[in-house]
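J.: Sequence:
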Amino acid sequence: MQGLRRTHSAREIVPELIGREVVLTGWVHRRRDHGGVIFVDLRDRGEIVQVVFKPELSPETHARAGDLRSEYVILVRGEVRRRSEDTINPKMATGEVEVDVLELRILNRATPPPFPIEDEIEADEATRLRHRIHDLRRGPLQRALTLRHNLYQSVRRTLTRNEFLEIETPFLGKSTPEGARDFLVPSRLHHGEFYALPQSPQVMKQLLMIAGFDRYFQIARCFRDEDQRADRQLEFTQIDLEMSFTDVEEVLGILEEITVRGSADAAGVELTAPFRRLSYADAMARYGSDKPDTRVLLELVDVTDAFRESEFRAFRANVDAGGIVKCLPIHDAAELGRGAIDRLEKFVKKELGAKGLAWIRVNDDGSWQSPIVKFFSESEKAAIAAATELRPGSLVFFQADTAPRANGILSRLREDLGRQLGRVEDRPWDVLFVVDFPLFEPDDEGRLTYVHQPFVAPVEEDIPLLDSEPERVRGTHYDVVLNGVELGSGSLRNHRSDVQRKIFEIMGYSKEESEARFGFLLNALDSGAPPHGGFAFGYDRWVMLLAGLDSLRDVIAFPKTQRGQDLLLDAPTPVGPEQLSELGITLPPAETEP
RNA sequence: GGGGCGGUAGUUCAAUUGGUUAGAGCACCGGCCUGUCACGCCGGAAGUUGCGGGUUCGAGUCCCGUCCGCCCCGCCA
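Quick note, the first sequence lines up with residues 64 to 657 if you use the working numbering.
Treat each hint with caution, since some may be false.
Cut-off 35 Å, straight-line C-alpha distance, at most; resulting in silico cross-link-like pairs (DSBU-like, lysine-lysine) [unchecked claim]:
| hint | residue 1 | residue 2 |
| --- | --- | --- |
| 1 | K574 | K237 |
| 2 | K437 | K418 |
| 3 | K354 | K154 |
| 4 | K437 | K412 |
| 5 | K418 | K444 |
| 6 | K237 | K444 |
| 7 | K409 | K444 |
| 8 | K154 | K117 |
| 9 | K237 | K154 |
| 10 | K437 | K413 |
| 11 | K413 | K444 |
| 12 | K409 | K354 |
| 13 | K413 | K354 |
FRET-style restraints, in silico, Cβ to Cβ [stated by the list, open to error]:
| hint | residue 1 | residue 2 | range |
| --- | --- | --- | --- |
| 14 | P491 | I184 | 21 to 27 Å |
| 15 | N586 | L650 | 23 to 29 Å |
| 16 | A243 | P467 | 39 to 45 Å |
| 17 | P491 | L165 | 35 to 41 Å |
These are computed hints drawn from the structure, not numbers from a lab.
Keep in mind that this is a model prediction, so the values were computed, not measured.
From the three backbone atoms N, C-alpha and C, an ideal C-beta is built for every residue, glycine too.
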């Protein structure tokens, strides 16, 4: 590029520059060779400007323009000109002007792209991931990553203004048995020992609070070795934040400020603070989910009490076993015919593990149609009718199961059917806090375990209950939910080691186990820990929602497939015996086919 | 770990009940073309039908196994 530097980017080629000489660099987006005049769309950071090669301006340059191919990297020097009226392209941002090229330099040639570099393509995802470079040249990814950048800047501005310090914490940390599966990194200096990549900087940031940093944040990479989904990657980014001498209200205020400003700065999305608050109990009762999209208008109704003495064995046995009976009433549901109901039943049984899908339909004449209602007493019928406000045209789906499963199944039906039937409020954004979570819940074996993570502080007046009725203790935990997606969560943390020890004890850890796993934290708490709290905010999901996308892979530059592979790098890969022996690792002999 | 959908040319797709030489659009290559903007016209090349095995006179098609991509459950905050 000797001697010539670009003077403008494509998006800067505006009518005000007409008559000026400019130097542009970029990629050949498309070439239209008319034998005489040659048009080239020059692309540069997602913006396109037309450059024109005319034989009469420079025969030599024109001749070489004939060699150009898609994705060649070029530099052109030329004059910005107004297009004639009849050749203005209203579909292009720069469509009023073009550049008459005087000089062309081919900076690099390029192999043909595997798919067109356009906004709308049909390439399948594996092809896109294998050719990620080309995919990243496309408008949607250029825009998503630009949004992502703008959001980083907004968050940093907001937090800096609020006197938060950005501090990095280690990637090479300590494995702990809680939560997700760790990614392990073998130690060369200590054979047989492993670092763990952080699932989040949770404990490190608490140590920073104890060290007196008062307000910390980090846009942190986190690693969790679990199966992936459209909205879950092995590595992902969190806005991680912690503050000392604070309370829930202050933390939620910061959370609102970041969310509102970030959404506005990066995507022009207007959210209004303060956010609505919903208790965990209400969320579960009405929506069957702790991350409801409340734009969906359907709500669940609990009818457990109606079946405590029921003759209907399927429901009664479930209630006797501590389960619940809950239902999803849908009024004016004529369009859901018998076929649709059968498909739903198949779906919930097969995909969601439901035992069945009982239902009642109210005919136009007020009579009931249902596979189960013949087992109901008159008082049970009356109770259901009252609780669900049945009327002609109503359809009610039932689940009798454990509370988590009944809620899970009905909540999925609620969202699916709500959308399908258009029972959705007409507003693009739904943001809320879910608060008043319990600190503990029983696990599959009936033992108490933490609901979120083991460092959440109990609500202060519930501390005495830790000894008597731990399952009734409320946590200081809160979630932010945006459009039915859990974006972030936080809490106040235990700053008293006695409370923290008690919580470990309730979770069934012996003193020795607590010391071995978290001795460093307990000691730190004893060294003068201030009251503190904060949150962690799922950055990739936030970008995804603001960009209107439904896969994290579309907001991460180099994402992994569902099986955890990077198709561009071809990672992971085996490593050689020298590397392994240096780490003191011996692999089992390769399993041979029988 | 489980359920579902998919894998044919660089790419997106087609190929009758198992039947001749596996086709088409776009991309690519060559030629023509001075106002296009998904330029146009003419011509051409392009295939381990994901991989391995089986059934069959004959397999893209049927069977078994396996790998890969996506969605979901489990798992995960």
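J.: Confirm or reject each hint.
T.: Each hint tested on the structure:
Distance restraint check for K574 and K237: the Cα-Cα separation of roughly 19 Å lies within the 35 Å cut-off, and the hinted pair is therefore satisfied. In summary, the hint linking K437 to K418 is supported, as the alpha carbons are separated by about 19 Å, within the 35 Å threshold. With a CA separation close to 41 Å, the supplied pair K354 and K154 exceeds the 35 Å bound. For the suggested pair K437 and K412, the alpha carbons sit about 23 Å apart, so the restraint of at most 35 Å is met.
Restraint check for K418 and K444: satisfied, since their Cα atoms lie roughly 22 Å apart, inside the 35 Å limit. Among the hinted pairs, K237 with K444 is inconsistent with the structure: their alpha-carbon atoms are about 57 Å apart, more than 35 Å. Between the alpha carbons of K409 and K444 the distance comes to roughly 26 Å, so the proposed pair stays at or under 35 Å and holds. Between the alpha carbons of K154 and K117 the distance comes to roughly 23 Å, so the proposed pair stays at or under 35 Å and holds.
At most 35 Å may separate the alpha-carbon atoms for a hinted pair to count; K237 and K154 exceed this at roughly 55 Å. Among the hinted pairs, K437 with K413 is consistent with the structure: their alpha-carbon atoms are about 26 Å apart, no more than 35 Å. Distance check on the hinted pair: K413 and K444 sit about 29 Å apart at the alpha-carbon level, within 35 Å; holds. For the hint linking K409 to K354, the alpha-carbon distance of about 25 Å falls within 35 Å, and the restraint holds.
Under the criterion of a C-alpha separation no larger than 35 Å, the hint pairing K413 with K354 is consistent with the structure, at around 23 Å. At about 26 Å, the CB distance of P491 to I184 agrees with the hint of 21 to 27 Å. Checked against the given bound of 23 to 29 Å, the beta carbons of N586 and L650, roughly 38 Å apart, lie outside it. Between A243 and P467 the CB atoms are about 19 Å apart, so this pair departs from the stated range of 39 to 45 Å.
As the Cβ distance of P491 to L165 is approximately 48 Å, the hint placing it in 35 to 41 Å is violated.
Checked against the numbered hints listed earlier, the structure breaks hints 3, 6, 9, 15, 16 and 17; every other hint is satisfied.
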